[in-house]
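**Student:** Put the complex together from the two separate chains, hints included.
Residue numbers (my numbering), protein chains in the order written: chain A, 34 to 325; chain B, 677 to 1083.
Check before you lean on any hint, since a few could be wrong.
[To be verified] Looking from chain A toward chain B, a few residues come up when the C-beta cut is under 8 Å (computed): (1) L43; (2) L47; (3) S250.
[To be verified] If you want the ones that stay clear, here's a sample from chain B, every Cβ over 12 Å from chain A, calculated: (4) F819; (5) H844; (6) A922; (7) E949; (8) P974; (9) V980; (10) K1080.
Since the hints were made in silico from the structure, they are not lab data.
Cβ atoms here follow ideal geometry from the backbone N, Cα and C, with glycine treated the same way.
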Amino acid sequence: MSLLLQSIVLGVLLGGLYALLAAGLTLYFGVMRVVMIAHSAFLILAAYLAWWFSTETGIDPLVSLIGTVPLFFVMGVAVQRLLISRLNPSSLTMMSVLLTFSIALVIEGMLGFVWSGTQRRVRLSYGGGDFEIFGANIAVVKLIAFGLAAVSLLALFLLLTRTKFGQALRATIQHPEAARLVGINTDRIAGYGFGIGLATAAIGGTALSLDATIYPSLHWHWIGPLMAIIVVGGLGSIPGAAIAAMLLGLGQSLLQIPLGTTWAQTFFYIALFLTLMVRPQGFFGGRLAQRF
Amino acid sequence: MKVSPRLRLTALAVTGSLALTGCISSGDEGGSGDDDTITIGISLPLTGDYSEPGKGIQRGYEAWAAYINENGGLLGKQVELEILDDQSSADRVASDYERLINQEGVDLVVGPFSTRLVIPAAQVAQDYGFLFVEPAGAAPEVFEQGFDNLFYAAPAVADDHYNYLADHIEQMPADQRPETAAVASMDDPFAMGTAYGLKDRLEEMGVEIVVDEVYPPNTTNFDSIAAKIADSDADMVVGGTQYQDAVNMILALQQLDYQPEMAAFSTAPTEPEFESAIGGNTEGIIAPTGYTPHSDYPTNKEFVDFYTELHGEPPAEDQANAWTTGQVVAAAVEAVECADPDPECQQQLIDWLRENEVDTVVGPLTWDDQGRPQGAHMIQQWVDGEIRIVLPEDLAEAEFIPVKPRW
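Only chain B is shown next, with the shape it has when bound in the complex (with noise of 0.2 Å):
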């Protein structure tokens, strides 16, 4: 029998649509067929480059999910986390959020760590037209994409995570403000969105950049960088980094006896390992930060005592970031009132968190078009050997140490 390939492909094109209806409905029957329980669909670098923070996130999650499973569930319903790991690469990534919403049938998402990760999370999330709140991709690129689904849920975007420290210094008499500074960089969406918003500050109150550096994520050595900033003896130095490269840049500068007036890393000051990584010498270290436990925020405290049980120690910046994901999801869905994969409930979550206001452990959260959060970072600075918020000056725990001790 002769077949005309116009019937062949209409013979595809049925059979493409029966496979994949039968995907999205087997999918249904999966998750959310079982009226008790809310599923999330999570994917999470639970190994590769970002397996440490993955997990700080995941233990995040797993502790908020178990939180409401105690008080009552959502809806009255328990919620169920299904958990993937996308071992830390954008390729998987998107196929574990399609595998999540397609195969697995989870009622909602929520984003991975990272930027990189976060961005492909958040394209497959736009087009099944689901709700997307993630913890992690503070990076200007996240809110360039024209996602209209997606909510940072933190207190703030890379760029803007210094602010509170460009308006001390600002502030500062004009003798005292620091006159030259050196910026050195990961060449990272996240790392370079900290330190350029800082720098771009720094220059427009007339402080003159000495050094510049944009260095690949897969440096080890940083003498040469370290050299040229104790060269150019700048006031202020200024690190776009994550752990390991800001605590070897710190070392590396040590090493050449360059004494700063300023010294501000992202990431690695709060991290509880960075103290002993160089060895003991943190006093004066200024790093922003989007959460503390002592932070008075209303549900912080029950977070706080929740996880510290669970763990066995405070939650720090990733859990926090977890939980207030889990809070923000929450509050849609309760006052909307659904929370099932059908893009009309996906519709309307979305567009009452683009109406409304959040409280969460990390303060209050409203977003913008792009779903930038449109709050500050504080800013954390080591004194007397503990790590504490110094800016702005209604939350300080400690007096702003204007003039660097010795490292």
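With the rest of the complex left out, here is chain A (with noise of 0.2 Å):
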């Protein structure tokens, strides 16, 4: 019963951080219709910078999230109108791919020319620490890793219902011609748009650099179950995304106890592939992906 209970807490942290992964993710392909491969890339790169900050200032890697969330926004911004908007918008899912693959690779390169490959983790005085629930061990820093996903993915859902900004990003999504006939100007959102899935890519990697070794090709190990999560949710829907991630994460820590490792990681890509048989458009997306 306890390990019972134990699996249950572990895949509601776990899914809760998925779900503040793959935010950006759905963002991306929402707003624009852009395949970000790169997306777990930008996580390692923020995961490295609140590594870096930590180890040479001394002062939490939480902290760091003063400099990246803006820095990572305006890099966002810049990379959807310098590389993402001059791609030919009959092809743009497609040659997004490579794009994004390519800005994933350069990132990886640069990593490793910059810090090596040599692994890294982020030394914090509470990494081991943890309290007990009802028989339940519940770790620090993965509850301070599911307090940023629940408290960012509420920002982003307030962002995009109760402002203006949120409205005019939203009508980009649902019809980007009737919005441009309204007066938005689409580009610029788009713009806004990828610029805050990439902040999200910034809290979501410091989260990551609390309880991860990380090293510059990370990222290929979790661009393939946060893809998973973005298409069994609905491609665009971040609440979509956030159910899928939540059920995925449960669903891989409850399959562990009676099938192992490699059994409970495949079962991701199983729900990827009866998501696509079955409901392509994804489990939590079409309407619910209009309305956010």
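**Tutor:** Shown next as structure tokens:
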């Protein structure tokens, strides 16, 4: 019983982190039909910046968010305006895969060049800390990562539903031409949308750095599961990504008990395969995606 | 004019042979044409997944070549290394050795890093009749391929890495031995070799294996594995690990408040970054190692001094294994008095190593017919904030801690 409870707790915490890591990925696709292979490379870049900041200053890596969130937002706008917007609209989705694949390679190479391929880990006084609730142990770092995910996703949700910019962004997602007709500068909005996506990567990468050993090629291990999450959730739907992340995180954690690690990981790809077979628009997408 | 198919085939065969001969002869001119040098070809993973250990091996090889050259060279000739980057790719490493032998015309070849790359590289060397001494293919698979040219330049194969620890546990009084053990290993020939070598020995002595997990190399989350181990409350945890998975697993175990009496992990605990990565809670963690800079084998002091002067820090296991590879090749070359790609010379080198013992920085080495070294790894343990040799007792720098303090 305690293993089951422990696995549920771990699965929920993992699902929260997955939701944060996948949020930006689904936003890019929702706004611009861009498949952003480099998203996980930006996550690892943020993780490296958090590690570097913490190592150089001795201050908690979470403080680095003050710098990395705006930096990543600006980088996102720049990537969209300077690179993505130049792609031919008729082949945008396909070409974005190639373009962002090359961006991922550049980031990986740069990380290796600057900080070498050595595996790094942020040294935290509370890294191994935990407390117990009803017989289940909860790690402090995992709870912090989960909290970051919850706050960021809520902020993102409020930004998209309660602000004028959010309305413009949703209008751009739902019908770009109609949005242009009512005076929305969809190019600028798309740039900001991309910037917000990368800003979530800054938060996600920092959360990841609290509890993971990082190295330049780590992003290849993340992009597959994250892609599976946003397809199952429905491309473009942030609540869909969050629900799918939670279900897949929990499923992975629980399947581990009877089936072992390899099959538990394969669960993501089985879910991806079944989604594409049965409901290609995703289980939580469709109309939900239009509403956020 | 009509050309018969047979004539075409003959022409193709002749052209092919000429081209091949051309390649080989032009290669000869490229590498060993210079009588004053001996060129040694190596392909290493300088980029990609294995780039860190790959660069460590490179530093070891380069230090060895520099040392040899400063001390009169091999057979009076200067040693030159021809190093290619295989990008951690098994396809690429095979074509690299083809290129080294055929186009670069090297006199000798030595091995790359990792079992995955050693096997394809050794196959190419075997096809051309070259001696193949390698510093990093310890998994059982390496020695099951039927290579008769391969020699692993380290004290023991992966299965035997924990032998001294297993012997020690066996000799403990029955009431002090661990009763249960949890085993988790990366799905990797080397990591599994080390973990399952110990697991088999533990089972033989009656220790119950309560968790037996194998995880894919790309695993990033160790929570569930840790939850299983913590739930089993095993007396001992054995990790068949590389660096990052060992660190992630140990932290996940700490976060679940699991406290084993013995904790053994391969590879990671001997790495310089290990202590900082797991927040300093290293006391009592066990790891097998083939090398320590403190050992008093005859040539080790020269190696440590030379390497430390060159790089400002003492050598680690990867560098020692590369240096050992150089020592093994050099011993054969000096004994047989030849170092060229000629099959006869290469066969003499192979035959000599089959019959003889070589003194190296990791101790005296001899090999069986498949190239397995006939030795054992030492066991290190974190004692008073430092990793020290604890087994075997005649080499021990510190006393074995039988019950691991809290981490």
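**Student:** For every hint, state whether the structure bears it out.
**Tutor:** Status of the hints after comparison with the structure:
A cut of 8 Å between beta carbons decides the hint on A:L43: the least distance to chain B is about 4 Å, and the hint holds. A cut of 8 Å between beta carbons decides the hint on A:L47: the least distance to chain B is about 6 Å, and the hint holds. A least Cβ separation of about 6 Å between A:S250 and chain B falls short of the 8 Å threshold, and the interface hint therefore holds. For B:F819, the condition that its CB be more than 12 Å from all CB atoms of chain A holds, with the nearest at approximately 26 Å.
With a least CB separation of 28 Å from chain A, B:H844 remains clear of the 12 Å interface cut-off, as annotated. In this structure B:A922 is not separated from chain A by more than 12 Å, as the shortest Cβ-Cβ distance comes to only about 9 Å. Chain A draws B:E949 into its interface by the beta-carbon criterion, the shortest separation being 7 Å against a cut-off of 12 Å. At roughly 32 Å, the least C-beta separation between B:P974 and chain A is larger than 12 Å, which holds for a residue marked as non-interface.
For B:V980, the requirement that its beta carbon stay farther than 12 Å from each beta carbon of chain A is met, with the minimum near 22 Å. The non-interface label for B:K1080 is consistent with chain A: the shortest C-beta to C-beta separation is roughly 15 Å, beyond 12 Å.
The earlier numbered hints that this structure contradicts are 6 and 7.
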